[in-house]
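Novice: As a plain string of letters, each chain reads:
There are 4 protein chains.
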Amino acid sequence: MTDKINVGIVGATGYTALELIKLLLRHPNVQITRITSRDESHPHLSDVHTSLRDRLDLRFEHLEMDRFPEGVDCVFCCLPHAASAAVVGQLLDANLKVIDFSADYRLNDVASFETWYGVEHPDAARIGSVAYGIPELFREQIKTSKLVANPGCFPSSAILPLAPLFKNGLVQSSPLIVDSKTGVSGAGRKANLKFHFPECNESITAYGVGTHRHMPEIDQILNRFCGSETEAVFTPHLVPMDRGILSTIYLQRCDGIEEDQLMDCLNEYYRHEPFVRVTSQIPSTKDVSGTNFCDITVRSCRGTTIIVSALDNMIKGASGAAVQNFNVMHGFEETLGLL
Amino acid sequence: MTDKINVGIVGATGYTALELIKLLLRHPNVQITRITSRDESHPHLSDVHTSLRDRLDLRFEHLEMDRFPEGVDCVFCCLPHAASAAVVGQLLDANLKVIDFSADYRLNDVASFETWYGVEHPDAARIGSVAYGIPELFREQIKTSKLVANPGCFPSSAILPLAPLFKNGLVQSSPLIVDSKTGVSGAGRKANLKFHFPECNESITAYGVGTHRHMPEIDQILNRFCGSETEAVFTPHLVPMDRGILSTIYLQRCDGIEEDQLMDCLNEYYRHEPFVRVTSQIPSTKDVSGTNFCDITVRSCRGTTIIVSALDNMIKGASGAAVQNFNVMHGFEETLGLL
Amino acid sequence: MTDKINVGIVGATGYTALELIKLLLRHPNVQITRITSRDESHPHLSDVHTSLRDRLDLRFEHLEMDRFPEGVDCVFCCLPHAASAAVVGQLLDANLKVIDFSADYRLNDVASFETWYGVEHPDAARIGSVAYGIPELFREQIKTSKLVANPGCFPSSAILPLAPLFKNGLVQSSPLIVDSKTGVSGAGRKANLKFHFPECNESITAYGVGTHRHMPEIDQILNRFCGSETEAVFTPHLVPMDRGILSTIYLQRCDGIEEDQLMDCLNEYYRHEPFVRVTSQIPSTKDVSGTNFCDITVRSCRGTTIIVSALDNMIKGASGAAVQNFNVMHGFEETLGLL
Amino acid sequence: MTDKINVGIVGATGYTALELIKLLLRHPNVQITRITSRDESHPHLSDVHTSLRDRLDLRFEHLEMDRFPEGVDCVFCCLPHAASAAVVGQLLDANLKVIDFSADYRLNDVASFETWYGVEHPDAARIGSVAYGIPELFREQIKTSKLVANPGCFPSSAILPLAPLFKNGLVQSSPLIVDSKTGVSGAGRKANLKFHFPECNESITAYGVGTHRHMPEIDQILNRFCGSETEAVFTPHLVPMDRGILSTIYLQRCDGIEEDQLMDCLNEYYRHEPFVRVTSQIPSTKDVSGTNFCDITVRSCRGTTIIVSALDNMIKGASGAAVQNFNVMHGFEETLGLL
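Residue numbers (the UniProt record's numbering), protein chains in the order written: chain W, 1 to 339; chain D, 1 to 339; chain U, 1 to 339; chain C, 1 to 339.
These are calculated hints, taken from the structure and not from any lab test.
Values in this document were obtained by computation on a predicted structure and should not be read as measured data.
Careful, some of the hints might be misleading.
In this list, chains with the same sequence are indistinguishable; a pair is considered to hold if it fits within one copy or across any two.
[To be verified] With a straight-line Cα cutoff of 20 Å, these simulated EDC-like cross-link-like pairs (lysine to aspartate or glutamate) come out:
| # | residue 1 | residue 2 |
| --- | --- | --- |
| 1 | Lys194 | Asp47 |
| 2 | Lys4 | Asp123 |
| 3 | Lys194 | Asp39 |
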């Protein structure tokens, strides 16, 4: 029998932490030993996440570096950007493995980070060398990493279908339009008039047009797969549903490339991947809801290639990807806790 | 041509004010002249209520008693309880008519108010003599009133079907169970984790069980129609939809009363009322959504009488009732602005 | 006092007819006199549309050409494509005015119609000369028309923002991507597993990718405003909400055109239009829900122009536009029944 | 290592079968070997349930009794009432264990069945001796059963909280009001105008008032626990959400019983049960969504006891209960596949 990995979750009051805990409770090789929050009152886990009533008997503690590493082998860090990088270094120094949900280690360079996030990076030295946590694309690097940058939800939905096509020179890097639609859980678990039920129910709107921070992340990762620079025009939309991202991507095939070659390429690339399903049907977010799957199809309209991808922003777009990275980092079967 | 009534709205940033403005913009005899809010920045109406873009060119002002009455004939007061009664007296003194949306003047006695609302009443002298704004039941008093207490949304859904049955001695006053289901707009326009989209979407729950402040209001108004004291057991539930209240009411017929007599009584009572529809079908909130109607039916199960009523909590449960009261107070046709 | 126009509605069991009736009941110059359906049982209007309970005392009748025109001045024809053109000619011959909701008279030529709709056109002679019912663009022709082709919901959301920009030579006709998101009422009032609540709730998906019939309609109308041929790449998506269309449109400015010129152009073009609101905020479908407004904004991202438009598919995208056309055809104030 | 149980699913095109398959795919001791449907075209599982894409490579076959039992040890029968009992006998004769989702074996007597379901019972001899599949109440009988009647979703939500209270003589059997609210998946996977998205979205209504077939089921099971006959007044409501049942139950304590005794009794009764959570908070359906939990609390209002219970109609109300029964019948740990 495998010894269990002791897992700590830093910043465990949000939705991604909730989903993470649900997945880890099903994982045969995991024991959750510590959860943290800045809440002074040290509530019980189930006081905050009522759906976890009677599932896990833990109280929130403050993150205190001299005590936290005790009884912890691996940390899922769910803090906001900048707050995360302020502690990740210490966690690594304490010889813990870390999967970081924030954007702090996703970008290639400090300048980009500071431009887009508007704060100084607290751990600039590590930037650029951290594995980007899409195992389907960066598995070998993740395997040997102590720190993995868990990818953004929107970028995952764009990068998974596009990377193989760029890598194989089938599509042009520009123009590239990514029109994404997300459920409201993506906004996090914090009261805000924008996400007040009567404000966003029965409504769809665009937001962050031209300014969303996932834009440089999409660019930088895709640029590793295409010869030239991509500049994705990315527009997210808020959809009245709990979870799910559907991305509709518009781009052009390279000269001489036939329509069928795109699906063939994706089918071939993801043939042995357990969590990417290339399908001839148009995906819906319901098909992937509550799962770690990303469903992808390719269509054509008047010469333009249209790719539709669907994933659950909370699972393949966040906590499921994190568990998948955890499995890769620990040499476990990649699907543990995820099917 | 009728001169228009100049209307001021005090506390106009909430959902009831938004609905009220939409109704009043359709009212041929109304001109909205002033809107107030405590917001220091005096935003334009359409900055707060974006759906009113280009509809009404007004800015929010602070309520200042020396200036506000100028250019105002009638006030819709949408302040919270206690805050409302703190200004209503001054508005009346300035010779304005007032329709008050708060609970401040709905109850019969100061003691009840202070018990249930936990604050001292700022205008205790008026309590007990103010018209309760259900025109179908109290039209004569409303006609001659300078101040009308606009009724609570849940009480309206219970009182409209029950009052005629009690008045005619057809049903017993106890036991009386009112199981109500409401859309989330009833919670108001204020960010709160409970009403954060991902918290209440795809979920139904009960709240305020045994403690909701609409309970004494239901009792006191119903008691005017039945010989004995009612003590409604009232349980509200939060439903993932914007608007609408469905109340399912369980009670017993009086001895010797046949099932058909209840529908006959309601049909007769509401025969000439434009906004109460007694129907043999089971009502749904969708049937009344966006309207000032209250739909009612009566069924029987194993000897127990089951009444189902539906209304739009924002219209017949709030702003529509207010406009109806406004029409009655000014001698206008009662349906103006409401059909 | 104006004599009322007697209105008949052909094919009145669907959602567009329901919305139409609600609007017409508020119209001071309209009396609805006849409604038709193929239902053999001649149900009462309120048996089919329960929300219209007690609003209008009419029964459905079969459309019989020898009797129908009696007591009717103007017809709103809500039949499916091809079925509509099979009767419109006779209605015109009987000297009635007709506003046709189907696609039968929207396209310029019979060949297009027969290619995209897959049926022979029953009234081919009229094709190409019928007014397209967007008054903001074709008011003069509508004024003198006996027959108006009410526009498609998606085309309206694309054409309203684009026509002035094309007309003024500010944007390039290609590439043109229209990514639209619609509520489920657009699918009509007919049970279908695709629109079964548990299938489409909490899900978003694309459909009709590359094959939707609104694509040639968008092209043909836009082509009247731009020098060259447009070929819109149009992708509709199904959103879990009742109503509303949000279109996100991606295109390129012409050389030398500054970003601000686009908003300036739209502001100028629609300055005096009561139902188009050009706004600096990003529109949401909730802002226009239940109204005849179309809200439009323009943004820019990395050189690409992004236009976001929002309208209510049932109102400005169908029945509201129809009433607006009705008003123009009869010389009434254009906002009657619509504010 | 345990040999896997070969499982067949009869009538596998519906939502309960879909949920069942999802649960069984996680069950370590189960292999799904056969699925049936009346569809002549023998589609692949994933053609019908697109969310199961790449999960299980099976095609639907017709149920043919001479071939079906081959390679099957245990059957989950998801046929409609009467259709189920027409085949269950043959499945048992072929030495298969059966968990039946229909109502065919839930009631005590043939007369009740035929009265409420309006058809002759095809297997009347077995009625009255079949284990009712709530393991928390009837575990010992289920353990030794070859056939288990999987309980109704509404009855489960009422019986779980009430049985211990009745058994311990704490509450009166009459009056008993069960006001239940359910998501739309309870209506099954069949297009029907009532459950068309735009009909039931943004609406709540009651249905089957006084006539729902779960009423005798609630009565008969509860009568085993209370001395006298119960006659539950049961009213279901349709809520615009996918899944979940919340039941609000109104009844009276027996003389001399204190409020606290009810929670104490439930806490004690369910102390060691993995799937019933007695809680001081008011449950919501979201807390149990996607799980096999039933959450229960007890409150009091003006002397009336109010019980609120929540479960997922698809899991604890159907497929989760079935897997739990399966585990009990096979001597497996009861939580396998369910946590």
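Novice: Tell me, in ascending order, the numbers of any earlier hints that this structure violates.
Specialist: 2
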